[in-house]
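There are 8 protein chains.
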Amino acid sequence: MTYEENLLALLESYKAGTIDAKTALEKLHAADYTDLGFAKLDHNRSLRQGFPEVVYCEGKTVEQVAAIMEKLAQVHNNILGTRADADKFAAVQKVLPDAVYHKNSRLIFVERKPLPKDDKRYIAVVTAGTSDLPISEEAALTAEIMGNQVERVYDVGVAGIHRLFDKLDLIRNANVVIVVAGMEGALASVVGGLVERPVIAVPTSVGYGANFQGLSALLGMLNSCSAGVAVVNIDNGFGAGRMASIINHMR
Amino acid sequence: MTYEENLLALLESYKAGTIDAKTALEKLHAADYTDLGFAKLDHNRSLRQGFPEVVYCEGKTVEQVAAIMEKLAQVHNNILGTRADADKFAAVQKVLPDAVYHKNSRLIFVERKPLPKDDKRYIAVVTAGTSDLPISEEAALTAEIMGNQVERVYDVGVAGIHRLFDKLDLIRNANVVIVVAGMEGALASVVGGLVERPVIAVPTSVGYGANFQGLSALLGMLNSCSAGVAVVNIDNGFGAGRMASIINHMR
Amino acid sequence: MTYEENLLALLESYKAGTIDAKTALEKLHAADYTDLGFAKLDHNRSLRQGFPEVVYCEGKTVEQVAAIMEKLAQVHNNILGTRADADKFAAVQKVLPDAVYHKNSRLIFVERKPLPKDDKRYIAVVTAGTSDLPISEEAALTAEIMGNQVERVYDVGVAGIHRLFDKLDLIRNANVVIVVAGMEGALASVVGGLVERPVIAVPTSVGYGANFQGLSALLGMLNSCSAGVAVVNIDNGFGAGRMASIINHMR
Amino acid sequence: MTYEENLLALLESYKAGTIDAKTALEKLHAADYTDLGFAKLDHNRSLRQGFPEVVYCEGKTVEQVAAIMEKLAQVHNNILGTRADADKFAAVQKVLPDAVYHKNSRLIFVERKPLPKDDKRYIAVVTAGTSDLPISEEAALTAEIMGNQVERVYDVGVAGIHRLFDKLDLIRNANVVIVVAGMEGALASVVGGLVERPVIAVPTSVGYGANFQGLSALLGMLNSCSAGVAVVNIDNGFGAGRMASIINHMR
Amino acid sequence: MTYEENLLALLESYKAGTIDAKTALEKLHAADYTDLGFAKLDHNRSLRQGFPEVVYCEGKTVEQVAAIMEKLAQVHNNILGTRADADKFAAVQKVLPDAVYHKNSRLIFVERKPLPKDDKRYIAVVTAGTSDLPISEEAALTAEIMGNQVERVYDVGVAGIHRLFDKLDLIRNANVVIVVAGMEGALASVVGGLVERPVIAVPTSVGYGANFQGLSALLGMLNSCSAGVAVVNIDNGFGAGRMASIINHMR
Amino acid sequence: MTYEENLLALLESYKAGTIDAKTALEKLHAADYTDLGFAKLDHNRSLRQGFPEVVYCEGKTVEQVAAIMEKLAQVHNNILGTRADADKFAAVQKVLPDAVYHKNSRLIFVERKPLPKDDKRYIAVVTAGTSDLPISEEAALTAEIMGNQVERVYDVGVAGIHRLFDKLDLIRNANVVIVVAGMEGALASVVGGLVERPVIAVPTSVGYGANFQGLSALLGMLNSCSAGVAVVNIDNGFGAGRMASIINHMR
Amino acid sequence: MTYEENLLALLESYKAGTIDAKTALEKLHAADYTDLGFAKLDHNRSLRQGFPEVVYCEGKTVEQVAAIMEKLAQVHNNILGTRADADKFAAVQKVLPDAVYHKNSRLIFVERKPLPKDDKRYIAVVTAGTSDLPISEEAALTAEIMGNQVERVYDVGVAGIHRLFDKLDLIRNANVVIVVAGMEGALASVVGGLVERPVIAVPTSVGYGANFQGLSALLGMLNSCSAGVAVVNIDNGFGAGRMASIINHMR
Amino acid sequence: MTYEENLLALLESYKAGTIDAKTALEKLHAADYTDLGFAKLDHNRSLRQGFPEVVYCEGKTVEQVAAIMEKLAQVHNNILGTRADADKFAAVQKVLPDAVYHKNSRLIFVERKPLPKDDKRYIAVVTAGTSDLPISEEAALTAEIMGNQVERVYDVGVAGIHRLFDKLDLIRNANVVIVVAGMEGALASVVGGLVERPVIAVPTSVGYGANFQGLSALLGMLNSCSAGVAVVNIDNGFGAGRMASIINHMR
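Going line by line, the protein sequences match chains V, L, P, E, B, H, A and X.
Position 137 of the first sequence, counted from 1, bears residue number 137 in full-length UniProt numbering, the numbering being contiguous throughout.
Position 11 of the second sequence, counted from 1, bears residue number 11 in full-length UniProt numbering, the numbering being contiguous throughout.
Position 191 of the third sequence, counted from 1, bears residue number 191 in full-length UniProt numbering, the numbering being contiguous throughout.
Position 192 of the fourth sequence, counted from 1, bears residue number 192 in full-length UniProt numbering, the numbering being contiguous throughout.
Position 167 of the fifth sequence, counted from 1, bears residue number 167 in full-length UniProt numbering, the numbering being contiguous throughout.
Position 185 of the sixth sequence, counted from 1, bears residue number 185 in full-length UniProt numbering, the numbering being contiguous throughout.
Position 205 of the seventh sequence, counted from 1, bears residue number 205 in full-length UniProt numbering, the numbering being contiguous throughout.
Position 28 of the eighth sequence, counted from 1, bears residue number 28 in full-length UniProt numbering, the numbering being contiguous throughout.
In isolation and in its complexed conformation, chain V is listed as follows:
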């Protein structure tokens, strides 16, 4: 019984007089989040924001990740784990055999009732170079599990700008655009000047030396001379996918 079904049953019981008001409130409260001691699983937020519950796996122990995802799967249909290494996935798979792992993007998917997608609006994920793919896939997969259609436009960095122009219609027709780029991150500014839709820029740590682990792309995107660009953390493909999804679902 998922969280939503649980809540409905509760309300019905109260309406039917099976439980009194005080009990109903207590149960409602208990349903709100599960306290595992080391973690408080916030079911209500997920419901309220209409997207799968998300688990940030980095810094958690293998055991914690498995316990959290197992518990979540009892009340949610779709779950996403981010920044998970192979060991954590192995532990999750033991308790949730239908979990799927996207190795390069370090995502764990449990997707039992895929969210419906509006096939008329899509998010374009535009990527500077092949080395940025793990992050752009993190963004694209996140957007997809949250119920969005995604078009991938990969390896169109500004060093060979005709590759970008060849794909311009695909980018301009998108409802929201995610730009993923490392090194100097110039792609965000160029795309930002070409489209009329919101651009979510993801700086990546791709590069070396004076890129300072993504600082160069981050500063480049924050200082974009194109208006209509907003930035998420370095290598935060998930955050960009989530942000784009929120915007894409607006009516």
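Just so you know, the hints here were simulated from the structure itself, not pulled from any lab data.
Do not rely on the hints blindly, as some may be mistaken.
Claimed, not checked - Heads up, simulated PhoX-like pairs for lysine-lysine below, C-alpha to C-alpha not over 25 Å straight-line:
no., chain 1, residue 1, chain 2, residue 2
1, E, K167, A, K71
2, L, K71, B, K167
3, P, K167, V, K71
4, L, K167, P, K167
5, X, K167, P, K71
6, E, K71, L, K167
7, V, K94, V, K71
Note that the coordinates shown come from a computational prediction; the quantities given were computed from them, not determined experimentally.
Fit chains L, P, E, B, H, A and X to the known structure of chain V by using the hints.
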């Protein structure tokens, strides 16, 4: 005759056979931008993106700012000048007497045909402290001149969080939320966790010492534990207003 | 015979005339610290400040750590080793079989005469996310071995602020509050605005990208808009536990 | 009628039946804070935390500061304005003639009913050099207006450490110690190793070159090899005074 | 008599037997540089490298600048002073009435025998925005006084990339390209991908907030994904002009 | 059939009437770049710029690198892979047995038709210390595969400056000079003051502590007091070799 | 009566029986330093270290500086004030008419009994450029007032290295060498490789852009590839002069 | 035959007429350094500066280190290798069986004719904590191989300052003092204020979090409020030992 009217007249002439195709193309191209030598005024972008032409005044001379705005006013109804000091406004006012100056936010407005506003959707501009007002007003005024209704929620920083909760409905009912905060910028994370709409975060340079001219708020917002937050440059109220406007106009 | 008993015996001998003044002074001085060559063990400081002797294990060799802790155990009842890896604990355990290891927090405990605890005053250790647990446990365990009662309030980061409010009474009734948070560290400001007690903030290196190994949380906490917050080093759970213990023992 | 008297009158009216419950609640709520539009004055927090209302003046206009302080003076006996320049004080003085200005520390005081002081416990403010005086005075004056006795120990930096040892008893007998130092900030570590009481360290921007506006002292204090030291923002004398006051009032 | 004429006369005297070898050597050595005490004017380097002697005026006193330029004018035909404010120019003009001042670029010119220019090869100075003009003019004027033809392509930043493409032929036909840009400096990467000639990139401090006085553009340009781009210091228009001139004179 | 031959055949077919204009254009376009999905191989750029196609291997998977280089080898004679580890080379070698690996410089070479070299002009690669050799070899080998003669002048750092002067003629006679140095990078300034040719400076990450992974050399070179020095990214031997090659091929 | 004479008189009185032991000790202690409240003047340190008492004037008020220097002049023959602006000197001159001001170096001198100088050993102050003169003069003047002979070697930066070699004998014969340089600070490494004596390096803030107020020179000098170089703070000419003086007085 | 013997033999041959002037010069030049291609071994510098030839091993290959040290051992009696790992030592030991390895300090010693030591002057190496020992041993061993007597004063950090005072005589009687400290590096300032001899400060990377790999100690030492302190690179024990040795040998 504004840029739009100019284009229409041109197309009419061609349809009527007054000018031939070659001439029409040349004129269209000439209309595209005005080359002042030191600046190329990009009329087409403004038209395409449906918002007033914007002039970044910092680093330009007084004479350049006045010349650019004067020229723009010949082809556009609404113009915005950002980061303008009083001297630059004085020079603009000489050539454009209907220009208006918002001193604290350093904005110059020429607004001859205000854009229509959808009064059912508004952008909330949520601000941590009174010292952040110049930047939040820059965001709010930018959003307004670009045709958006704006609700201001000021001085609701997290140090006294009940002030924020008193305004929660107003914030949650917004279509897009701009959060403006200096110091540690925590307000962005708190608001991001409370709303289901996109949050555009503007770090400000308010504070001192280890705020490092806004770095603390910038890093805080980039590392927000709440998904659904994207960030613009430090003190970039204009950029946030512009980004929120793009999103707010999406249908 | 512990350091304290040693000192008392010495004073008795002098009073009884068994030793003369010069000998007493020499012995007192010798008791003050033990010089191992590579380390000078400061017994007096420990006595003076009323808490177990603490060994910072990082950067010391396995042999040095074992030798220091063995020597300390000859004159102290309670010893704490911080930032110790498993190899160092293994070496310590050989010479001190009753040593206990808290793996995630990398603490070594020797606790032969636990300090008495005031059960009416407690320190609350409030933690943003599960990934911060190693550091918050370091703080909590440090406070406990130093003779304090501790209440743990875990996974109450600001992204889901109702989890925090559910625990507000527990936090407000604490005598001292430790806040442990990574990423943007906003929890410190929010808690600081809600309580009337001193808040010790511990930034953690949890996060990635523009968190710059904890810099984002550090700057966030230093710039907290809430007064009554003071900060220790990144990931310094021990320092926070120690500081909170000092304050909690004040009368 | 101050805030406290106002609340009491309200409760009396309700008890006497002059007003009904609904009205009482509304009035209570209204009393909670005053909304000036550009600022929300939080009376309750002040009451709850038992110290004068504090106004951070930097970044606010002269008019805003005067309006806020005037309003606060209607409901509070004691008010503190921090980081105020002479112009702002002049404006405040017009509306509050009994306001007092501490020029070097940039503090504005309105102190109508000085808080009682426990003359058995004092806060020691220990300062490295004469150039740090504006910040240490900010700390000391803040602590005093918040009802604490303060002992000033000035110009005892570690370059001439016998000056510090001459004052050691005064420092060791303090209930709480504030250490104010610029340059390398070593005084915090030395004092931290000598006392058994909590040490609040304030890095100052005193110095030049590689002090990077206080970064050197800040990092030095955060990395203090002495436990029992917690740090506030660079030049944040107010924050240290406030933190020390909270601790000093604990029983 | 200029430095070159002086050397020739010396050699002639020696050939004619008017002076002996030892005297010739001594005079040659003396001619090499002039020692003013506070400065050693290096005539030989100028001759060897074939460009006007250059004086970096910042940090020198008004008197020093005037004395140096006056002395240089006795042995050189063309002199360049960089980063000179109006006061320094005024002092120079008193002793060298034919000196010319380019105010925005802070250059002082003494150009008595302009160097010949190859009119078939030119340096393109491509600039992102009008606010970058002081620096791009510094580059262009430096290149011109060093004997190069220069084409200016101004205000073609990537936010409106069609402005750049309109000028592409002019840029592609240049022998060397200088790209001047602030903010994120993306123009360097875009141009670098479009041309086959060496690109000298000049990051400017134009922008605010997270541009950190030009750091964003600097890092962006250093991390350019386009090969064939090399970078000079922030705002170093002179260095770029000088570098481009060296390359442009190669055969 | 290489890219060039392919293009020629296409043009011939069209001239001969074997294919019509539309087909020719489509084929031309298809020849322009190969879209592998995860990468778009830009054949035209390579042709246009007259140097081997270059693959940046870092951040790409082993499979991606092998696939890209295999595909490129079908249309190009000479290919360069940079920053490749041994695993990636092993995979490339399987599909391209004639690939050669320069282990220390992490370069993969496929060189089937070496480009002709002008033996009268050479690039000097001047290196401060033996530890900088991997980077200076990256620069030298890059320049060689791009058709340049290279002279290596190694271990001539400024700590023993007579070693540099012994090689001065070799350096001064070069057409272009690359200076590779870590630590403080002073060699670039010294060489820049001695030669009349363009100097491309490569800061390396050689050093420790306050070199901050190459920052010290980078800043040193950017602030060189010698004009005629331009800088590439830290450890970017490839970029320097490429830049020098462009300049060296200019006529 | 100076400090030294005072002490002698005291000892004589005690020997003669005029004062008893207790009084002697009290007087000795009182002589040790003067407590002005805001400053503790440490006479003993000055005596012990054999150099004039030094007052760091920055951050002190005009009144404090004058009071301190006046008091010091009562017990010391030679006094040095560093980083003093003209206003502070004016105030000092009122109370000490024989005070002398070195404007560019911002030093105040009171030199009543110049220290004897060893004319066989000198300190060489070697300076890169004319813009570094204020700092190198601070170093040279400091060394002179502390009783050292100084040779100035100015404007010998590495961009024209023959100027340095012309002065090599003068530098090599020095007993201690101070190198003052801004920008990339390469001069320290070059000199360090040429001399056998200790080199004290002073980075200056001369330069702009990526010099980051002296950081480039500081890092350059700290990473010097020449052993035998130690570094003081940016622009700390005083510190270098003081350090060189200590070494120069060693026998 | 060592370098010195070699030179003497050469001069004798010339005096005896066995070789002519030209041959003598050529041989002298050849003796000056050995060119291994990847390295130029500078024999003359070593001779001139009177200390063993030093090889910086980091960044060099195992083979290069072994070849360089083998070659050096043919002309020098004493050789020092710094920052060498165990693999490099193993390779050296194969060709130089009498080489000795100091593992913690990563030094390789070949010491065939130990330099004489002045047993009346010693260098004190004062160390804050046991974790700093690898660096302080690097300094002490370097000073010893260069012919100095060394006194080690370990684990006397300022957190327990009485440990330092117990050793004060030993420190004050030193001719030169090296202070090694990590974390906040306060020991340098405290020692600097207590001694009259030059203090060479070595910041170490000991610590974590906001120590930023030694930056905190580095900045602390550069900003020391004690004059007479100069600083070397982070973890540069060798540099400090070398600098102290130069000073200690001065007469």
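Evaluated hints:
A C-alpha spacing of about 22 Å is found between E/K167 and A/K71, which places the hinted pair at or below 25 Å, so the restraint holds. Between L/K71 and B/K167 the CA atoms are separated by roughly 22 Å; this keeps the pair inside 25 Å, and the hint holds. Pair hint P/K167 plus V/K71 holds up; C-alpha atoms about 22 Å apart against a cutoff of 25 Å. A hinted pair counts as satisfied when its Cα atoms are at most 25 Å apart, and L/K167 with P/K167 qualifies at roughly 22 Å.
Annotation: proposed proximity of X/K167 to P/K71 holds, straight-line Cα distance about 22 Å (limit 25 Å). Between E/K71 and L/K167, the direct Cα distance comes to roughly 22 Å. Compliance with the 25 Å bound is thereby established for this hinted pair. For the suggested pair V/K94 and V/K71, the alpha carbons sit about 13 Å apart, so the restraint of at most 25 Å is met.
Every hint from the earlier list agrees with this structure, and none is contradicted.
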